[in-house]
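Participant: Each protein sequence line maps, in turn, to chains P and Y. No gaps in the numbering here: position 388 of the first sequence is 388 in the working numbering, and each next residue is one more. No gaps in the numbering here: position 236 of the second sequence is 236 in the working numbering, and each next residue is one more.
Hints may contain errors.
Cβ-Cβ distance ranges computed for the label pairs, FRET-style [unchecked claim]:
(1) Y:Ala257 <-> P:Ala411: 56 to 66 Å
(2) P:Arg311 <-> Y:Glu33: 56 to 66 Å
(3) Y:Asn47 <-> P:Arg323: 30 to 40 Å
Stretch by stretch, here's where chain P covers chain Y in the computed footprint (C-beta under 8 Å, at least three residues) [to be verified]:
(4) 64-78
(5) 100-109
(6) 123-135
None of these hints come from the bench; they were simulated from the model. No residue lacks a Cβ here, since even glycine has one placed at the ideal position from N, Cα and C.
For reference, the chains in residue letters:
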Amino acid sequence: MARLVTASGGGVPSRLGILIRLQLIIAWRPAKRGKIPEYLAIGFVAVLLGALALGLAAISFFTLLNLSDAAAGGPRIMLIGGCALFLAYLFIGLFQEGVGGGVDLSLLFHMPVSPGEMTRADLLSRLISPWALPPLGFFAGCIAGVMARGHFLFGCAIFPAAMLWYLQTFLTLMVGDLLLYHLRRSRRFVEMMGFLAMLAFMSWVVLQNTVLVRSSADGGGHRLIKMLADYWDGARYLVSLLPGASALSWTAWGWYAPVVLATAVGTVAGLYGLSGLLLRRLMEEGTAKTARRRGAPTVRRALKRPGLIERLPMWPFILRDFRYLSRDPYLKTMVLGMVMGPVIILAVLAGPGGRLGMHFLHYGAPFLLLMYCSQLSNNHLGLERAGLLNTLVSPVPRWRLLLGKNMVLMAFYLLLMCLPVGLLVWRKASAFDIASDVVLAVALAPIYFGLGNFLSILMPVPMAPKGKRLRAQVPMGRMFMLAIAQIVLLGLAGLAAAPLFLGRFALSYLGGGAWLAEVAGGAMILYGLLIYALLLGGATRLMPRREPDIYEAVLRSES
Amino acid sequence: MTDQQADSCAGEIETIGSGSLEAAAGEDVVRFESLTRTFEDLTAVSNVDLSVGEGEFFGFLGPNGAGKSTTIKMAIGLLRPTKGRIRIFGMDPYERPLDVKARIGVVPEEVPLYDRLTGREALEFAGRIHLLNADTSRERADDLLEWLGLEDAASSLIVDYSQGMKKKLALGCALIHRPKLLFLDEPFSGIDPIAVKGIKDVLTRMVREGVTIFFSSHVMELVERLCTRVAILHKGSVRAVGSLDELRAASGLGDDASLEDVFVKVVGMDPGDGGAQWLVS
Numbered sequence: 001m002a003r004l005v006t007a008s009g010g011g012v013p014s015r016l017g018i019l020i021r022l023q024l025i026i027a028w029r030p031a032k033r034g035k036i037p038e039y040l041a042i043g044f045v046a047v048l049l050g051a052l053a054l055g056l057a058a059i060s061f062f063t064l065l066n067l068s069d070a071a072a073g074g075p076r077i078m079l080i081g082g083c084a085l086f087l088a089y090l091f092i093g094l095f096q097e098g099v100g101g102g103v104d105l106s107l108l109f110h111m112p113v114s115p116g117e118m119t120r121a122d123l124l125s126r127l128i129s130p131w132a133l134p135p136l137g138f139f140a141g142c143i144a145g146v147m148a149r150g151h152f153l154f155g156c157a158i159f160p161a162a163m164l165w166y167l168q169t170f171l172t173l174m175v176g177d178l179l180l181y182h183l184r185r186s187r188r189f190v191e192m193m194g195f196l197a198m199l200a201f202m203s204w205v206v207l208q209n210t211v212l213v214r215s216s217a218d219g220g221g222h223r224l225i226k227m228l229a230d231y232w233d234g235a236r237y238l239v240s241l242l243p244g245a246s247a248l249s250w251t252a253w254g255w256y257a258p259v260v261l262a263t264a265v266g267t268v269a270g271l272y273g274l275s276g277l278l279l280r281r282l283m284e285e286g287t288a289k290t291a292r293r294r295g296a297p298t299v300r301r302a303l304k305r306p307g308l309i310e311r312l313p314m315w316p317f318i319l320r321d322f323r324y325l326s327r328d329p330y331l332k333t334m335v336l337g338m339v340m341g342p343v344i345i346l347a348v349l350a351g352p353g354g355r356l357g358m359h360f361l362h363y364g365a366p367f368l369l370l371m372y373c374s375q376l377s378n379n380h381l382g383l384e385r386a387g388l389l390n391t392l393v394s395p396v397p398r399w400r401l402l403l404g405k406n407m408v409l410m411a412f413y414l415l416l417m418c419l420p421v422g423l424l425v426w427r428k429a430s431a432f433d434i435a436s437d438v439v440l441a442v443a444l445a446p447i448y449f450g451l452g453n454f455l456s457i458l459m460p461v462p463m464a465p466k467g468k469r470l471r472a473q474v475p476m477g478r479m480f481m482l483a484i485a486q487i488v489l490l491g492l493a494g495l496a497a498a499p500l501f502l503g504r505f506a507l508s509y510l511g512g513g514a515w516l517a518e519v520a521g522g523a524m525i526l527y528g529l530l531i532y533a534l535l536l537g538g539a540t541r542l543m544p545r546r547e548p549d550i551y552e553a554v555l556r557s558e559s
Numbered sequence: 001m002t003d004q005q006a007d008s009c010a011g012e013i014e015t016i017g018s019g020s021l022e023a024a025a026g027e028d029v030v031r032f033e034s035l036t037r038t039f040e041d042l043t044a045v046s047n048v049d050l051s052v053g054e055g056e057f058f059g060f061l062g063p064n065g066a067g068k069s070t071t072i073k074m075a076i077g078l079l080r081p082t083k084g085r086i087r088i089f090g091m092d093p094y095e096r097p098l099d100v101k102a103r104i105g106v107v108p109e110e111v112p113l114y115d116r117l118t119g120r121e122a123l124e125f126a127g128r129i130h131l132l133n134a135d136t137s138r139e140r141a142d143d144l145l146e147w148l149g150l151e152d153a154a155s156s157l158i159v160d161y162s163q164g165m166k167k168k169l170a171l172g173c174a175l176i177h178r179p180k181l182l183f184l185d186e187p188f189s190g191i192d193p194i195a196v197k198g199i200k201d202v203l204t205r206m207v208r209e210g211v212t213i214f215f216s217s218h219v220m221e222l223v224e225r226l227c228t229r230v231a232i233l234h235k236g237s238v239r240a241v242g243s244l245d246e247l248r249a250a251s252g253l254g255d256d257a258s259l260e261d262v263f264v265k266v267v268g269m270d271p272g273d274g275g276a277q278w279l280v281s
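Construct the entire structure; sequences and hints are all you get.
Facilitator: In structure tokens, the structure reads:
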């Protein structure tokens, strides 16, 4: 029989090794063994990340090699690249289901593991994950480029700078993950953050579209740009102290370097401490399933005749999916990311850039928004998680269910379309052009959502975490396969939608007032609906045959 | 599970850590004083005073939403109380969380398992987290897999386990470090009757060896058969506590009254009275 090994003597001194092993298993092991495509996908992810690392290495190397003054320009190049990578990792990591490891630590809360141990294990597993490769390539290229120019001291300084960058980036991600846990739990906080984000970007749009354009037009552009440059010159000292920047900006030396270096080290220590503190708070808040608020006693409602819309056969599904989307904290966080992405892109492209921005608003915006909606439309069954059981056992025709889901997404998509439409109104686009864009969007969406039904049925991925968990545990391979399938789907949707884009061009050519334009608009919408009807019919036939597999994929993978 | 296996598992009742960290002689293993937890406008647990001594099989009963799981979460250091005091082996679980967690085993209502580990890996992981060395963890994992009847599924991923198998595995994870105190929240839900019998036997023997079990369940027969003392919680407050005989006497029921009768009397609910008459009309 097993011998007793006590905690006070004989046991291993640290849990770090076993925690890292756990993290690596969870990050890399496919959900089911023997799934060759999933292994291939994992291999492809590794190759892709390696290629990305090599690409970044080449870019940074040749950029630094060809700089006229590598000693002065090198730190700036490194800072720009490092900050871009930092922001990319932060955005992808927090809103796109994780970059580089990280497990649901809440499953460990009842075990004797300290927050510090969890933080260290999480940090180390991220550092040794393949996601650490692209920045490694970037920094290696910087070192090689600087060394080739003979700046050995600068080259040596990049080593600790890169290490500090990794620590700052991954610790920021961890803190973000833990903060997001609260965000997912608190409706008010989500609303507040969403509102603030929207406000910030709308302010930026106003600045770009009115102040800059106006001041350029009246000849004050130079003054304003100079003022902004002066402001930036003063602010860059402050910016260089931020996480992601302070790790690298001290390599520019000068009198300010010790302050920045101290700040960089302090930031790492602060983020490490904050991560532990947040973990401890989460631990003591009851993570898995705390008592819920009891609502007011049920009051028997007076029966009333159902309205016209309530008689629609797909109405119960529309209502349920709408409630799901507006109440589930995980989905709301996802939606927040989906709104912020297009807002940033559209705000940048709709700036005072002239025709290119306008063309994008007209033709690209509907497609861009569909790409963002794909997170919901291409996996709507996987996102239901436990609720899917009710869906699968319900005896209703599947077209009602799928149509209900698609209509909710359609409404959400059209709501998002208000953004480019608003920007077009701002840019004084003609009413006819704006109406044409709306026609394009209305015709395009059914095709895309109709195809999304197929992906959702064929490849459901259980995304939403069960209960109040920190994060969904989706294997990297599965996520990647989903991403590839979405790209393929986008291509198919593009092919199917080609007549719609031709129709949109035709509308521009015909202009407002022509009866032919009205016919073309109507034909576009009819075409979209026709394709959707065909796709819905196909998905309706496919779904019952796939239901056991959907159940298997979504409901039997709990973590 | 054979008797020999049960003996071997039950015979390992020792706590990890030095004796100085165990409850002092005569001191309660679990003690709640005025324990209260509120969630905004809801008081889930209100002024609960309870103590559980060493070697007790303590039943914790209550209807759904009574506050049982909330109380257990507070006791194991996962939910800080709004008011009141908790002592586990004389220690505050929020001041010395690791010391407390190293000495207890927990089977929560929702099993906390990583579904992409195999059963054996999960057990070994639990052992290593409790600072057992690799060899000991492996040996105990094998013993537990055999005892729980999971040896055939030892190398399968947990994602492929049934709910009952997951529950068994969670129990194994809670036992691998031989805790001195066990918190079991509906541990038998989904487990087949043969395994339930085996587990019951071992738990009873563990209690005889001095292990304390804090057992929350809705299965009255189990609680009646296993527990030496019972507390009934309703709407966050302890309505009754004592042995079954004491509860019968306190509720004014006869000697032949079952725990279910006592429970219904204490909680004051009439299960027959309700709406949805269309179901039976």
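Participant: Determine for every hint whether it applies to the structure shown.
Facilitator: Here's how the hints hold up against the structure:
Between alanine 257 of chain Y and alanine 411 of chain P, the C-beta spacing of about 58 Å keeps the proposed range 56 to 66 Å intact. About 58 Å separates the C-beta atoms of arginine 311 of chain P and glutamate 33 of chain Y, a value consistent with the hinted range of 56 to 66 Å. With their beta carbons about 37 Å apart, asparagine 47 of chain Y and arginine 323 of chain P fall inside the hinted range of 30 to 40 Å. With 8 residues bearing a CB less than 8 Å from a CB of chain P, the segment 64-78 of chain Y meets the requirement of three and the coverage assertion stands.
Using a Cβ-Cβ cut-off of 8 Å, 5 residues of the segment 100-109 of chain Y lie near chain P, which meets the minimum of three, so the contact claim holds. For the segment 123-135 of chain Y, the proposed coverage by chain P is satisfied: 9 residues have a C-beta within less than 8 Å of a C-beta in that chain, meeting the threshold of three.
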